[in-house]
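Chains A and B, in that order, are what the protein sequence lines are. Every letter in the first sequence is one number past the one before it in the numbering used here, and letter 146, counting from 1, is 146. Every letter in the second sequence is one number past the one before it in the numbering used here, and letter 596, counting from 1, is 596.
The hints are simulated quantities; they were obtained by calculation from the structure and are not laboratory data. Some hints could be false.
[Unchecked claim] Chain A side only, calculated, beta carbon under 10 Å to chain B, not exhaustive:
id: 1; residue: Val33
id: 2; residue: Asp42
id: 3; residue: Ile51
id: 4; residue: Tyr68
id: 5; residue: Cys75
id: 6; residue: Ser81
id: 7; residue: Tyr85
id: 8; residue: Asp117
id: 9; residue: Met120
id: 10; residue: Asp164
id: 11; residue: Ala166
id: 12; residue: Leu171
id: 13; residue: Gly172
Please read all numbers here as calculations on a predicted model, not as lab measurements. Where a beta carbon is used, it is the ideal one built from N, C-alpha and C, also for glycine.
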Amino acid sequence: MKGYSRIALATIALAVAGATATFAAGPGDPKPVKETGGMWFDKDGAPTYNIAKDGTVDWGTFVGYLRYNSICLDCHGPDGSGSSYAPDLTQALQQLSYSQFIADVAGGIKSVNTAQDLVMPSFATNKNVMCFISEIYSYLRARSTGALGRGRPAKNAPDPKGFDEASYKCLGIPM
Amino acid sequence: MKVRVQATMAEVPDASMAEPVKRFRLHDQLDIYRQNPNPKPGHSSKGGISMKSRGKWFAGAALGAFGCLLLAAPAARAQNSTSSPALEQAAANPDNWAIPALNYGSTRYSTLNQITTDNASQIEPAWTFSTGVLRGHEGQPLVIGNVMYLVTPFPNTVFALDLSNDGRIMWQYTPTQNPDVIPVMCCDTVNRGVAYGDGKIVLHQADNTVVALDAQTGKVDWSTPLASYKDGATGTGAPLVIGNKVFVGVSGGEFGVQGFLAALDMSDGHILWKAYSEGPDSQILFDPQTTMSLGKPVGADSSLKTWKGDEWKIGGGDTWGWLSYDPKLNLLYYGSGNPSTWNPNQRPGDNKWSMTIFARDPDTGMAKWVYQMTPHDQWDYDGVNEMILADLTINGQQVPALVHFDRNGLAYVLNRATGALLAVNKYDPAVNWTTGVDMNPSSPNYGRPTVVAQYAPGSHGVNVNYTGICPAALGSKDEQPASYDPQTGLFYVPTNHVCMDYEPYPVAYTAGQPYVGATLSMYPGPGGYMGRFIAFDPVTGKTAWQIDDQFSDWGGALTTAGGVVFYGTLKGYFRAVDAKTGKILYSFKTPSGIIGNVMTYMHDGKQYVAVLSGVGGWAGIGLAAGLTDPHAGLGAVGGYAALKDYTTLGGQLTVFALPGS
């Protein structure tokens with residue numbers, strides 16, 4: 001597992017969410033520079049995608065696709081493209097750094113006024129989200145830059161060794 | 001005969017608005033009333049108005065606004081609320097629409113016949129009303145006498161509109177609800193309508209509080225919290241009033257909420273009984289000996305035996321759909337929804353009694369019979385769609401039938417007295433997850449669908465992408481109700497013609513958080529369109545005619561004695577169609593997509609037809625950006641236009657009538 005701990009990541013995510021995001025706006029250069037356990041990171045250490053010339057999508061981004069299109073789809077629509085009551089994330093992610101993204105997901109967002117009743121809940125206690133927050137970010141980042149189109153990626157990198165065990169462990173359910 | 005009509009943009013007719021007809025005769029009384037809505041003496045502690053003050057007040061108002069209630073409501077009070085003749089009387093008058101589905105049998109067939117196949121092309125908008133709320137508007141208004149009652153999506157504002165005065169707002173009620181309930185509603189903040197009974201309007205709020213309002217004043221009579229939205233339980237369904245009880249279900253199948261149906265006392269709102277969909281017999285109100293399934297007693301622990309460990313406690317089976325009632329048999333009918341989670345591998349067993357049709361005694365809650373349509377669901381085919389009670393002729397014999405168009409794409413015909421299975425047919429030929437239901441009573445699989453492994457996401461474990469499953473999780477039909485026309489003997493069904501890929505994987509449960517466990521990709525069914533409005537015979541399985549639409553048909557149907565069937569489309573078209581031929585007689589583009597159900601009423605001797613517009617709901621998911629077909633060639637990906645190119649948000653009622661006063 002190359003020292004890659006899913007639980008540790010989720011913990012870090014929660015810790016970051018607790019702090020006020022002070023990073024510069026926007027996600028920065030998505031260029032992947034480092035890989036750990038199937039997940040790629042940019043020069044600032046933020047999760048990013050790595051899509052090969054033949055269209056093969058890295059494992060982390062692929063997992064992000066799977067997890068996004070289950071939980072997040074209910075409001076934000078398929079492939080992050082928005083619904084009648086939640087924003088298009090392929091647009092929104094162009095303005096969000098990783099820390100801001102985590103703060104929003106873990107803390108939730110409320111926009112309740114005379115014109116609209118838009119509420120995103122806090123997902124801080126939802127392991128299905130927080131165990132895969134970097135993957136979901138990486139997927140949406142790929143969608144927001146246009147590097148990844150709609151639908152299920154046609155090809156993806158293989159399941160890295162130990163991924164299933166780590167996932168189940170983080171989720172707290174028996175394999 | 002099979003007529004296929006491809007609807008196009010060219011159908012938009014000239015929409016010249018009728019000059020509004022002004023009526024002022026009630027203004028004086030209403031103004032007096034609004035200044036002093038609780039005239040003394042005699043304001044009762046229950047929030048009602050005493051007989052004495054009512055008499056005085058109604059003496060002035062009897063001309064119009066509350067004429068019907070004057071006749072009906074005091075009669076109910078006089079009987080000390082032990083029965084609800086007010087509702088029975090109101091529902092018996094064909095001018096009214098007093099029950100969410102028009103009648104207890106949920107036929108949505110009106111005997112009003114001013115609008116006919118000959119003149120339907122001449123109808124025009126008579127008046128309109130903006131609800132002031134943007135999100136998805138499902139359901140339908142009620143009309144009792146001169147008053148129309150309607151409820152909006154969250155914040156669930158209830159309006160009482162004066163039909164004698166161009167829909168002037170007589171009162172409105174906006175509950176105070178924590179906005180944290182909004183994201184707990186899986187599929188938009190819809191509400192499918194209020195119910196009427198005993199002089200009260202009953203509202204099932206999003207936060208799962210049931211509230212009774214005085215129908216004349218909007219004042220809260222009682223308020224009962226049912227279950228906490230903090231655990232994912234929400235309210236979206238229309239209640240049903242029977243006698244001195246009101247029945248409500250619960251939403252939350254995507255949050256692991258253990259579904260139940262609750263009976264509340266109409267006089268004070270206290271909970272009489274709760275019957276869960278899963279759990280021990282004492283919770284599901286089953287008698288092992290007398291509760292029957294397909295002609296046999298269910299036996300002890302019929303639910304517990306079909307779940308692993310305590311999974312049933314977070315097992316879903318929510319009851320967010322429609323309720324029906326047969327007064328002669330004294331049986332209440334409804335369905336339960338999907339078992340939680342969407343990953344079938346995590347919940348081995350039949351997961352009873354999710355996906356089930358229930359027939360219960362409304363007085364005790366005890367189940368008389370049950371039938372599970374989709375054992376061990378692997379597709380999210382909730383069984384909550386309406387149960388239409390119709391007396392059908394099958395093999396030359398008149399049968400008290402229950403007809404149900406399920407999400408799973410099968411149309412079921414059962415004997416509603418016994419729960420015997422009479423006929424099961426696909427109502428969309430695209431349905432491929434099953435080859436049909438075993439109809440042989442001596443077979444060990446009697447009543448079970450034969451599942452096609454290729455299209456069953458539990459068949460080869462998790463992390464496998466099962467492709468080309470029809471229908472999609474939306475179902476061949478979702479909550480949008482069908483209508484039964486006894487004149488043609490056909491059922492008119494708005495459907496979704498959508499397929500999907502389904503990839504299950506393990507998920508963890510956290511109270512109040514989504515508990516889904518599958519990635520879905522949905523796309524138009526064969527033919528490249530997503531909606532079919534069909535005239536269907538569930539006994540023979542034959543489709544008399546169909547109208548195809550680019551997007552799902554998510555608006556409920558209305559049939560009428562004038563031979564005209566009405567419904568609305570996601571693009572926002574309100575349509576009048578010849579029930580016999582499927583010919584579109586009239587079409588009008590309302591301001592927003594229609595996911596509401598068409599209703600009709602008579603006022604001052606004139607027939608009106610009304611529908612709520614306001615796109616949203618599950619139907620609005622994915623349609624903001626359009627759906628793509630991952631299995632069509634590269635060129636076709638993204639080729640399906642988005643609904644947002646046709647319509648946008650906004651709740652509005654549009655009421656149609658023939659021209660002239």
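Against the structure, the hints:
1. For A/Val33, the shortest C-beta to C-beta distance to chain B is roughly 29 Å, which exceeds 10 Å, and the interface hint is violated.
2. Among the interface hints, the one on A/Asp42 is violated; its C-beta lies about 25 Å from the nearest C-beta in chain B, farther than the 10 Å criterion.
3. The interface hint given for A/Ile51 is broken, as the beta carbon of that residue sits about 17 Å from the closest beta carbon of chain B, more than 10 Å.
4. With a cut of 10 Å, the hint placing A/Tyr68 at the interface with chain B holds, because the nearest CB-to-CB distance is about 8 Å.
5. Here the hint on A/Cys75 is kept, as its CB sits about 7 Å from the closest CB of chain B, short of 10 Å.
6. Using the Cβ-Cβ criterion of 10 Å, the hint placing A/Ser81 at the interface with chain B is satisfied: the shortest such distance is roughly 3 Å.
7. Because the closest C-beta pair between A/Tyr85 and chain B is about 6 Å apart, less than 10 Å, the hint holds.
8. At about 6 Å, the closest approach between the beta carbon of A/Asp117 and any beta carbon in chain B falls short of 10 Å, and the interface hint on this residue holds.
9. Because the closest C-beta pair between A/Met120 and chain B is about 6 Å apart, less than 10 Å, the hint holds.
10. Because the closest C-beta pair between A/Asp164 and chain B is about 8 Å apart, less than 10 Å, the hint holds.
11. About 12 Å separates the beta-carbon of A/Ala166 from the nearest beta-carbon of chain B, more than 10 Å, and the hint is not met.
12. Hint status for A/Leu171 relative to chain B: holds, with the closest Cβ pair at about 4 Å, below 10 Å.
13. Evaluation of the A/Gly172 hint against chain B yields a held restraint, the C-beta minimum of about 6 Å falling below 10 Å.
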